[in-house]
Amino acid sequence: MSENNEPRGTAEPDPDRIPAAQSPKSLATDADRVPDVDAEIETPDAEDTAFVTALDTAGGAMQPSAVPVSAQSGTLPGAEEPDSVLRKIFTGNGVVTILAVLLALILGGLLIASTDKVVAATSTYFFARPADFLSAVWSAATGSYVALFQGSVFNPRGSGVGGQFAPLMETLTIATPLITAGLGVALAFRAGLFNIGAQGQIIMAGILASWVGFALHLPVGLHLLLVLLAGVIGGAVWGGLVGVLKARTGAHEVILTIMFNYIALYFVRYLLDSEAFQRPGETTPISPILDPTAVYPQIFGSQYRLHIGFLLAIAATVFVSWLLNRSTIGFEFRAVGANPKAALTAGINVPRATILVMAIAGGLAGLAGVAQVAGTEKVLTDGVAATYGFDAITVALLGRSTPWGTFAAGVLFGAFRAGAVQMQIQTGTPIDIVLVVQSLIVLFIAAPPLVRAIFGLNPRKKKAATGGKSQKAATTGGAA
Amino acid sequence: MSTTAATSPVPGKPLKPQQGPTHPDRNHKPAVSAKPVTWKLPVTLLVLAVVAFIVFGLLGPHGTAKFGISSGGDFFQLPAIEVPAYLAGIVLSVIMLGLAGYAMFLKTKNVRPPRWLPVIFTVLFVVSFLIWVVGGARTPSISLAGLIAGSVTLAVPIVFGSLSGVLCERAGVVNIAIEGQLLGGAFTAAIVASLTDNPYLGLLAAAVAGALVSMVLAVFSIKYVVNQIIVGVVLNVLISGLTGFLFSTVMQANKEMFNSPGRLPIIEIPVLSSIPVLGPILFKQSVVGYLMYVAVIVVWIGLFKTKWGLRVRAVGEHPQAADTLGIKVNATRFWNVTLGGAVAGIGGSFFTLVAIDSFTKEISGGRGFIALAAMILGRWNPIGAFFAALLFGFADNLQSIVTIIGTPVPSQFMAMLPYLVTVFAVAGLVGRSRPPAADGIPYVKG
Amino acid sequence: MVRVLKLELKGITKRFGSLVANDHIDVVVEPGQIHCLLGENGAGKSTLMNVLYGLYEPTEGQILVDDKPVTFRGPGDAMAAGIGMVHQHFMLIPVFTVAENVALGAETTKAGGFLNLDDTRRKIQEISDRYGFDVDPDALIEDLPVGVQQRVEIIKALVRDAKVLILDEPTAVLTPQDTDELLDIMRQLKSHGTSIVFISHKLREVKAVSDTITVIRRGKVVGTADPGASTTELASMMVGRAVNLTLDKAPATPQETTFEVKGLTVIAPSGQHVVDGISFDIARGEILAIAGVQGNGQTELTEAILGLQDRVHGSILLDGEELLGRSVKEVLNAGVGFVPEDRSVDGLIGTFSIAENLILDRYDQAPFAKGISMSPAKVLENAKTRIDEFDVRTPSGSLAAGTLSGGNQQKLVMARELSRPLRLFIASQPTRGVDVGSIEFLHKRIVAERDHGTPVMIVSTELDEVIDLADRIAVLYKGKLVGIVPAGTGRGVLGLMMAGLSPEDAHGDAAGSHPAPPTAGTTAGSPAETPAGSPAEPQSGSPAAPQATKQAPAAQPVQESRSGAVGDDHE
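The listed protein sequences derive, respectively, from chains A, B and C.
With my numbering, letter number 215 in the first sequence gets 215, and the count goes up by one each step, no holes.
With my numbering, letter number 217 in the second sequence gets 217, and the count goes up by one each step, no holes.
With my numbering, letter number 534 in the third sequence gets 534, and the count goes up by one each step, no holes.
Keep in mind that the hints are not guaranteed to be accurate.
Here are some chain A residues the structure puts well away from chain C; computed CB gaps all over 10 Å [unchecked claim]:
| # | residue |
| --- | --- |
| 1 | Lys117 |
| 2 | Gly163 |
| 3 | Gln164 |
| 4 | Thr328 |
| 5 | Ile329 |
Simulated pairs of lysine-lysine, PhoX-like, Cα-Cα distance not exceeding 20 Å [what the hints assert, rightly or not]:
| # | chain 1 | residue 1 | chain 2 | residue 2 |
| --- | --- | --- | --- | --- |
| 6 | C | Lys10 | C | Lys68 |
| 7 | B | Lys223 | B | Lys328 |
| 8 | A | Lys117 | B | Lys255 |
| 9 | C | Lys220 | C | Lys202 |
| 10 | B | Lys305 | C | Lys110 |
| 11 | B | Lys223 | B | Lys445 |
Simulated from the structure, these hints should not be mistaken for laboratory data.
Note that CB positions come from ideal geometry on N, CA and C, so glycine has one too.
Isolated chain A, as found in the complex (with noise of 0.2 Å):
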């Protein structure tokens, strides 16, 4: 590898011979950029390079593969170490992962207490009694933490077992269409895509959902699964023009995603300005109400809010998964993501790759948008996708673009969402606090180092005597 060292600033592929191609300069692995220096470096933290490369790559014209290296490989039988799983969870990653939350809640919970009015009251007595504003501080952060939990799983003055987890069965409804969201968000990650856009391929599939659902009057079953057609043509073809549009001109996907977001929502609204989507005698920009053959049946009955989708919602885990991991089309999805040179060498269509990643994306996030119009809204608005596009990305970042962590971080996240609301009614904190933590839990996961230097934890096993700085120099050395 040793006479890889190029300045990475050059290598980049011409544009219009390979239209798809995105830069090989994010694919120099590890030991590309190792120096004059003909063998395997040891990384001193596998752990941490892995991340740092998973979340560095957005190499050439910005091209991410937001995975961590590890994942980027698909699973092989006998290829994990029967331990390694465990090694995982309690040295590397794991840690992280559950110490970032922590931290992101702390400092939540400190955003909390400082705009508390009983502790902005103890404060002016500090001194006098600070065990008041400790407690104060304790109280606000806890209480308003509290009724998180209350609002997004168990509730203990609810009426009955089936009360105490109606707010469980919350979270996991408004976790729906955060998880099939964020699947189309990591499957694109996969593929080095940045998929900014579900938010307007929610709203697309929104749209087509609603209109089959309230403009057609169709028997049972068909109905609905015309609507679930419609969504998930809907968002495909909506990600699927953006992924047309690279392949075929080089634009980058950020910026047309982000773009086709706010065409698709002046498109919603002027569609619900038109007669064709308002509900007739109504001012409001807001469609008829989907007819009862068009929406999703309640999983536990009408008590809860709970419906199919959240069973559609498993269902596509189940499917990103094995598409990833153990089909052709995920292997040509990651080749594609990890290395799009290598890739078109071995054959690989990379446009074609490209704009099925987005139409299958895109069809995800539709999933979502009809688990908003045929599950829990059962109307059109223009707020149809409401942020679930732009927590979806957080969701994938924090499942780390894995099929099942997304569905883990999409169930955390409705649990945030859910609870926030029973939150700002027992304790009148704002909702808004969950967009910090979620943030937060973003941010503090992609830089490893900087949570175990805030929890002063260094997992550095110190190394042969070498001392601090050529310590310092194999790190980057490795992470390079």
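Guided by the hints, dock chains B and C onto chain A, whose structure is given.
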């Protein structure tokens, strides 16, 4: 130096024949100057010209569009321009057809169309569009002066935002967090100006806040080598949450104390400000408005005429080369990103100190993303970004005017326009732009 | 007037983690000398120079300038101490002008920090005049040929008053003629009092220009040598064992011609004809080597055959089937094995496992996939077989391919491509950046594939490799086929052909003081006729040393005829 803009080579400059092996390594980026003349631009122009001919011309309204030029207090009064919409549509679109034809002719000769061509074309297209919109309105009369002045006003935060983008990306750090910087600036300006009763302190605080937001971007992307797009996206969410939270808890609780910043006064330069059309744009602005002009020029001169700029651009193009020449790559990036944040922060103060005099949630309303688009459309050049931002401000303003005068074009489509134009731009239909070569790539030594 | 400078590296050790890149290296560069660091790829030369240039901090050891210890915290310090470096991959900003590149980091400014490029232009002109460089200060770097870019790098160092100039593998990207000019420039610089540290693994150049040679192997200094030392001696010092790399290659027994390229033209996005009307054919059981300096159309030629190029005219026939216009996948499935020139960029996916890389172009075929469902067990099974067969040194097939060394990565790519029935095998730069042991192995596999009856096309910019492997040699220059000559054609002739002379002219020119080259038609070069010059060459015992001395003057006339031609520019 003709290298100032990262754009296609100067027209007319002969493409040097490649002597001998020009590419020592195939990964060496091939010379952009060797890029061929493509059909993209001529074809795009032709399509647009045909659309203009049919829609603005043949199917155009038969009324008269009236454009007021002077406002009451102007230094001297000019009569309103009255344009027969149908005729103007035909004439302008025929000229556009001619330009498109000229571009095609050049293409057959394999000559790159001159740079002014797409610019003139855009202007003509915008003008004929405007005449078409106004001519078909219920009340076919608008104040041109007001339209333009309003466009500039609406463009102010976009210009600042895009300058922030230029400063960051020229140094090689992708800045998706412009929205967050604007929002942070707007919030801080409001709260500081309210507390101190001094909007100028608010302005200053906005710059500091923008810089702080940017520092988070810098620290995470430079020190912790986190993907810059991720940091940018997440920062936007963080700032949105943070300002939203504080708005609900602090500002709403005591609006008098925390959310009544007062406005920055409009400073009118006597005499000059009453020149029709130009006066209000150039000489009747708030401090923020004047700062905008200054910032555009200073950033342009700084980037392309000074030692600092040479180094910044070197860091954004080829950090390793800069490093071997003793330039501190990551320090340069850090401070540039910080500076960019400060600039965007000032832009953010526009919302709460100039436009209206209080903060509300999400007051920046996605203008950070439009600023990003303006930067790209302006090809990472401050001047280009400025004009792109003006165009977007114009679209924004037209949208509200259109709803008032009542035209066949739904206002939502007007609002969509900047985004559509950007899609066309990044798809290379209006000329490919080349970002700094090392944009988005963290520099890790060794 | 010229201050000279003595440079000493004392006990320099550089570790990366557990890996020792430099192990107590001592080197003294005397003032006004050309000091060569000779070593294989990966021996640690560049690391050492990066330490010297302040890019890395040494783990241990000292740098002394004029016997005083110094510490370089960055390249700025090194430059201030009078050390300049021309990197192997140029550190030039393509979209900047020459003047801007030269000024960068050492700008002269007017009041207020405004650039004063006129001053830089004047300095460039001065140096250009002094050394006969023909450099336009206002040209954009990306428009300049490589040779000129290299001069800009030298100017950069000289403007900063470099007393010691480090040249890191400076000839890797040059034609033999450009190389000779560079060697001339080096001598000139020396005569002006600049010391030069010349890093190379090319013995011929090293012998031609050095005053002192330090040989480095595996991060250690293994000795110093006199430029008069024999090539064999130097080669064995460098490689660490008696060099006997004669490729046991039976003469080719070409069978029927199955691969034909007719009038192939590839048009680059720039509109340039990067491959220009090339015709050749390859028979089964024959190796055709494509020689030429990098960037003369080789890459595009191989990519056109594979189907990676868009604008291609002409015809590519394999067993009578037209390959042109087919997708990459179809070409691969037609039985074309392809080893791309840059394995880490085109050949494999560093983050994928070795097993996955081994099926990178067959992931969707049986037995690895049924429909779109893949069978991971089969993938691993395949990996085990290939790893054994190709001696890929790795504990497990499920490790990421990026963890392998260069040689093993190349084996991996080769294993993938050679593990299926082929009708054509194309390998670009099959041994670039690969250690000697792997080179041997890879060459043997290529010859084995030939003997198996496959038409083989090798693209190499290393003349030694071409001479080693080829049954016939086709030389490309600026996209055109200069000619096809038999194996055993002299190095001088090939060098001239690589500079664009037709075979006839090249023969004429090279024949100046050199015995006539072997006649066309010889299949494999017999050892006696193969010129010497590098470790990768046949060194069959005793005749090797005399050859070296015999061959050395052969290079001279070439160089002289060239410098004569450009003499006008010099004075």
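TODO: Kindly indicate which numbered hints from before are broken by the structure, ordering the numbers from low to high.
DONE: Per hint list: 4, 5 violated.
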